[in-house]
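Given next are the chains, with one letter for each unit.
Protein chains: 2
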Amino acid sequence: MQQPVVSCSMPSEEIKSLSLPVGWKCYRSPEGQKYYVNISTKVNGHQLLGASGHVLERPDVSLGKNSLSNQSPGSTSPARRQNKEKEIKETKITINCVTFPVPASALEQQLLKPSEWSYCDYFWADKKDPQGATVSGFEVLLQKQLKGKQMQKEMAEFIRERIKIEEEYAKNLSKLSMFPMAAQEEGTLGEAWAQLKKSLADEAEVHLKFSSKLQSEVEKPLLTFRGDNFKKDMKKYDHHIADLRKQQVSRYAAVEKARKALADRQKDLEVKTQQLEIKLSNKTEEDIKKARRKSTQAGDDLMRCVDLYNQAQSKWFEEMVTTSLELERLEVERVETIQQLLRQYTTLRHETDMFNQSTLEPVDQLLQSVDPAKDRELWVKEHKTGDLRPVDMDI
Amino acid sequence: MQQPVVSCSMPSEEIKSLSLPVGWKCYRSPEGQKYYVNISTKVNGHQLLGASGHVLERPDVSLGKNSLSNQSPGSTSPARRQNKEKEIKETKITINCVTFPVPASALEQQLLKPSEWSYCDYFWADKKDPQGATVSGFEVLLQKQLKGKQMQKEMAEFIRERIKIEEEYAKNLSKLSMFPMAAQEEGTLGEAWAQLKKSLADEAEVHLKFSSKLQSEVEKPLLTFRGDNFKKDMKKYDHHIADLRKQQVSRYAAVEKARKALADRQKDLEVKTQQLEIKLSNKTEEDIKKARRKSTQAGDDLMRCVDLYNQAQSKWFEEMVTTSLELERLEVERVETIQQLLRQYTTLRHETDMFNQSTLEPVDQLLQSVDPAKDRELWVKEHKTGDLRPVDMDI
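Residue numbers (the numbering used here), protein chains in the order written: chain W, 1 to 395; chain H, 1 to 395.
Just so you know, not all the hints are guaranteed correct.
[Claimed, not checked] When the alpha-carbon atoms are kept at most 20 Å apart in a straight line, the in silico DMTMM-like pairs for lysine to aspartate or glutamate are as follows:
1. K198(H) x E161(W)
2. K232(W) x E139(W)
3. K164(H) x E154(H)
4. K128(W) x D387(H)
5. K197(H) x E154(W)
6. K175(H) x E139(W)
7. K267(H) x D301(H)
8. K315(W) x D394(H)
9. K147(H) x E377(W)
10. K147(H) x E186(W)
11. K260(W) x D394(H)
12. K197(H) x D353(W)
13. K171(W) x E157(H)
Calculated directly from the structure, the hints in this document are not laboratory data. Note that the coordinates shown come from a computational prediction; the quantities given were computed from them, not determined experimentally.
The following block holds chain W by itself, in its conformation from the complex (with noise of 0.2 Å):
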C-alpha cells in the first residue's frame, strides 16, 4: 500500500538505538509513528518519509535518463543499453535482489560498530557454498549457532566418559582396600599397613565425589545449557529472514515489470510526437495527449513499486541487524558459560588432588611410629611359652 508522505520539517523528537546504521537517525513524529532518516542522502534541499522504518529517496521525480540509469545491471532492457553508450555511471548494483552501492560510491558507507568485528558488518551479502549452492550471509550466522550448540553437547559427552572412567577407578580402589592381604600383620607395621589399605578407600571415596560434582556441576549445566527451544528460535529467525528476502525478490520482479511498461509507454509517446512534426491534424494532438497521460500514469506505477521494493529492503535490512546482534549476544553468553564451566572442572581436579593428599597424612603417621622393638613385646607377650631357662640335672 502506499506510503503518507509528510515533511521533514515536521517537529519529531530522535530515538537513539544501537542497532542504527552510521548515517541513519530515526525519529517519532507527534502522531508516535517511527521515521528513519538516511542525512547522507538529501533530496532537493528535502526529504520525504514513509512510516514503519521505510525511507523515500526522491533524487529526481521526472522520467529522465538519470533515473533510468538506475536499472539493475542484470536488466537488458533497451534503456539499459542506451544509458551504457551515454556512459552515465553507475552508483548502485543489485545482486540476487538486494541493491548495494558500487564500491566506489560506498567509500562514505562507515561500518555499524567498526570497533567490534560484529555479526551486524560483515554478512549482507550472500555466497556460494562448496556445492556451489547460495548460502545467504544470515545462514553462515546460524550455521556457528547450530555448531555452538553441537560443540556444547559434545563437551557434556566427554565430560560424561572422564566420570565413568573416575567410577570405574573408584570402584577399583575400593575393591582392593577390602582385599584380605597382609591382614595378619601385627603391632605397628600391622596398624601402619591396615591404615595404608584404608587409605585406598579414602582415595576412592574423593573420586566418586569428583566424578558425583563432575555431574550436577559439569555435565549437567552443559546438557541443560541450551534446551531445545534454542533450535527452534533459531528456526524461527531462519523463516522470517528468508521470507523478508522472498517478499524482496517478488518486489524486485515488480519493478522490472514497471520499468519496461513505461519504456514502451515513453517509446508510443516519442512516435506519436515526430508525427505531430510531419503533419499537424486535430487527431493527432488527441493522440499526444493521451499517451503523455498515459506515460505520466506508467511513471507513478513504477515509482510505486519501487516504494514497494525499497519498504521490504528496508525491512529485511532492519531484521538483518537486530537478529544478527541477538545471536552475536547468545554467542557471547555460550562462550563466557562455558568458559565458566571448564573453570569449575579444573577446580574439581584440584580439589581432588588436595583431598588425595590429605588420605596419606594418617599412613605417614602410622608409618613414622613403626618400632620393631614394640611390635616384639607385643608379639612375645602373646606367644611365649615360658622364660625359665634350663639347668643341668644332677646326679
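Please build the complex by placing chain H on the supplied structure of chain W, with the hints as guidance.
Chain H in isolation, oriented as in the chain W frame:
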C-alpha cells in the same frame, strides 16, 4: 664319650658374649678350648669343666638319697616314691626331657636381656597347639618368621593390584584425551578446550609413571627382599635344633636306665650286708666286696650318663640362644625394610598428586584468556560474506 677333667685353678682368659646367660661365664683355655662356667654352682669348693661348652656339676659324688632325689617327676621308680615319703623337696623338674629349676628355686634366675623382650628369654618351654600336638618354643619362633615372609609376599601382591589399577586408569585417560569430541571448537575457547583434553594425556602419563615406580621401587624390592634361601635357612635351623633335642631325649633315657641299674646294685649290696650280720664267713665277705665294687661301677656309669645328658642340654641351650637372637635380628630387619618400602609408596603417591596438580596449570592459563570478542573477530574474519550494506534503489 668321657669328658677330659681339668681343674678350675688353671690360668684362662674370659670371653664376653651377649648370648651368655646371667650367672654364667665363658673362658678360653691355653689350648684354645672354650669353657662355660655356671658360677652360681660351686662343688666341694672347686668346679669341674668339660670341653665344648659343657659344664659338669658334681654337688655330691657319693651315692645317697640326695642324688636319688633328682629323678624326673615322670619316673615311677620305687626310689622316687621313697623320697616322697621322706619329704625331701625337689629343686629341679624335667619336662619333655628338659631340666628346669622349680619356680621356687629359680628366683635367682634373671632374664638374659631383661630390658628387651628378647626371643632368647621367652621360648624355653614346649606348648600344646590347638590340635593338642606338642610344639617347641623354637617352632613358635620359626612360624613367626614364615608368617612374616608370607605377609611380605601378600603386600607385594597388593602393590601389584594397585599397579594394575593405575595402568588401567592411565589407559582410559589417554584414550579419552584422544577422543575427537568438540575438536572443532574455535578461537581462544577452542585452545582452552584442546588443552583440557591434552591435560588428560598428561594425567595418564603421571599415573603411568606412578605405576612403573611402584613396580621398581616397592613391588620388586618386596618380592626380592628375602629369596628362596630364606625358607631353606629356616628349615636348617629347624632341623639343627630338633636334632639337638632328639639327642637330649636319648641321653635322658640312658640316664634313667643307669639310675635303675644303680638302684638294683644298691639293693643287692644291702641284702648281702644283712647276711653278714647273721653269720660271719669268708665266702660272704667276698660277696660283699664284689657287690660294693659293682655298685660303685654303676654309680660311675650313672655319673657318665648325666654328664652326657648335660652336655646335650647345654649344647641345645647355646644353639637356642644364638639362633633365637638371629631370628630376632631378622624380624627387626624385616619390619624396618617394609616400613621403608611403605614410606616409598606414600612418597610416590604424594609425587603423583603433585604432578597431577601441575597438569592443570596450562589449562587454567588458557581458560583465563578465553575472550568472546577475540573469538568473534577470528571467526568473522574467516567467514564474513560482505560488509557493504544495502541502500535504497532509485527510480
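Legend entry - Unmet hints by their number, sorted upward, for this structure: Checked against the structure, the only hint that fails is number 6, while the rest are satisfied.
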